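Chains as they are written, first to last, in our numbering: chain H, 1 to 422; chain F, 423 to 673.
In case anyone wonders, no lab produced these hints; they're calculated from the structure.
Just so you have them, the derived chain H footprint on chain F, three or more residues with Cβ under 8 Å: (1) 467 to 476; (2) 495 to 502; (3) 524 to 530.
Residues from chain F that keep clear of chain H, each with C-beta distances beyond 10 Å, as calculated: (4) His430; (5) Glu434; (6) Thr450; (7) Gly451; (8) Lys452; (9) Ala542; (10) Asp558; (11) Ala559; (12) Gly569; (13) Phe570; (14) Gly599; (15) Leu669.
Only some residues are given here: those of chain F computed to face chain H with a beta carbon under 10 Å: (16) Pro511; (17) Val517; (18) Leu586.
In this text, all values refer to a predicted model and were calculated from it rather than measured experimentally. Yeah, the Cβ is synthetic: ideal placement off N, Cα and C, and Gly gets one too.
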Amino acid sequence: MTLPAQKQKATDDLLGAYDAPTSASRWANEAREAALGRYQNMGAPTRRDEYWKYTNPAALTAGIATENPVAPTDVTAFDQVDSLKLVFVDGRFDVHRSDAIQGVQINQLADVLAADIHACKDLFGELEARGQKPVHRPLAALNTAMAKEGVVIHVKGQLDRPVEIQYLREDPTADILIHNVIKLDKDASLTLLESGAIGARFNIVSEIDVPDNASFHHIRLQGRETQRAGSNHIFARLGAESLFKSFTLAVNGTLTRNETIIELTGDNANAHVACAAAGDGDFHHDDTVFVTHDAVNCESRQVFKKVLRNGATSCFQGKILVKPDAQKTDGYQISQGLLLDDDSNFLAKPELEIYADDVACSHGSTCGGADETALFYLMSRGISRDQAQDMLVLAFLDEAIQEIADETLADAIRGQLQAWLR
Amino acid sequence: MLKITNLHASLEEEDKQILKGVNLEVPTGKVHAIMGPNGSGKSTLSYILSGKDGYEVTDGSASLDGVDLLELEPEERAAEGLFLAFQYPVEIPGVGNMTFLRTALNSQRKARGEEELNAADFLKLVREKAKALKIDADMLKRPVNVGFSGGEKKRNEILQMAMLEPKMCILDETDSGLDVDAMKLVAEGVNALRSPDRAFLVITHYQRLLDHIKPDVVHIMADGKIIKSGGPELALQVEDEGYADLLEGAA
Ligand SMILES: Nc1ncnc2c1ncn2[C@@H]1O[C@H](COP(=O)(O)OP(=O)(O)OP(=O)(O)O)[C@@H](O)[C@H]1O
Ligand SMILES: [Mg+2]
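Bound-form chain H, shown alone (with noise of 0.2 Å):
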């Protein structure tokens, strides 16, 4: 199969910007391989394809990342919380700036990937491939092929805390890949908080198994890094009974594409996505979820809100798919855009795609500006415009931040989002 000619340039010109990775097992080899093979059929994105009609991916597919200076390292709401520290600097795993690691399996990709045995070599790439369909997801497959940096982590029970992983920033120029494993065991469960600027362009991609009964908790920091040039992955797989819960706050950030791939397999499964996002200025911000329900029982919900202003951009492509035997699906869907002027755009694609027929599914889009009533209101009492408008901001994102189911966390994301605004 050939390419059209400028999808076959940007595929040959990404694929040029990373060094291949040493040889590991045999099996990891193969995974590899079949990813290469995956990325290279299917061709790096354009903006002729369907999916990337609102995001132009050029800067994520230039065979040279752009350079992009490194600003202080932002205090964050994590800070406070008692967790599990893994840190990456501009990419790589620091041993010395990670936490000791106790109560819970956590191996660097490169171990896992050189070992001919271990619990989780099902996973890599496994969940990426399945993600696939229908729906291309080339960058996600030549992070398979040649990521070297990652971490692996296997719960077997109840942590009692949370994981946290930091990529910090050093090098301007680093282009970084980096592929996370996470599988829970059965009845496991897991918080997993994510934070930092990563590198001068990045790609993550984390495969997360979360079979019956098990419980995951992702909250991530996208901060206020205002030239952060990447794409994360979420391919996430569901069992019977089991939870997942994702949420991303964003602030700022030339161009960043986060995908979530849900697929619930076992009856009774719930998958929660949400974020809040704020943009000011030269800010292009793409979520895009696909949640395909596969078994009976299970419920879904998407919630995202986007605060745009000065020509800021937001983008939401979120689908969910009800296969023929998802039957008491309940499948729910908002996204909203709030305009704080004219420059600004949000675009909004929401899709369902039912072939069930008992099932409960909806979803609804919004945009608009702030609400002039309730803002004279406001000021009718004696508040300023610029802070009345700011109340009406956390209170539109704050239906995100509700997604958060412990209460403290969600507190800490409120405190960040404000002091973020400031």
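Since the structure of chain H is provided, determine the placement of chain F with the ligands on it from the hints.
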């Protein structure tokens, strides 16, 4: 205190004149009432005084203790001591009633160069005022006016007034939607605030409220103008006879 002279105003969007020369003066320490048929411009007057967008003042003036109101932003008017209890209080999802009250109070204090109230003192104050109006703790925690009944919204307006202690209080149909007991509560709340250095302008359709809040002067507004002013007996006349005779007399 409040002085309105020959105020003319029209809608910004369409060429429609609503206020056609309002003259009104409310001296400090007094309670004045405005009655008048639906659509005569009572709410519009209150909105223009408090600075709502969408209206254009084409002539005349309005001042509070000599300060030109029309030049100020709404929040500056509030800090000057103007307060409007809305005919239709606004619901604000996601903004807690407490946060709202505290932000409002401290914004005004700051604007006036006063010290901000700390959390403990604020809490004490709000509890005390809320209790008098039978507003329970749950209503204070909920988002501003969201899911409040009509009467609860009106009581919440009076709570804001009690907290902010404005010097010029405009009440736009605060009595509508109140049951008999709530009406008494609200009237008590208003009467508790009556003082020699505070004035009230009470817009209402019914004599009932004026039984509880005794006005010094009653004005009748029709078609964008004050057509008649008199003592409390004017309200009784409206109650008995309606507006027909008054309107004819003015024509
Ligand atoms: N934004 C607007 N757009 C169109 N018409 C308006 C607007 N605001 C006010 N009006 C009109 O102006 C007139 C006066 O309205 P206003 O609300 O001030 O009356 P009111 O005296 O308060 O009546 P009510 O007793 O029913 O409360 C009405 O005819 C109303 O329809
Ligand atoms: Mg009215």
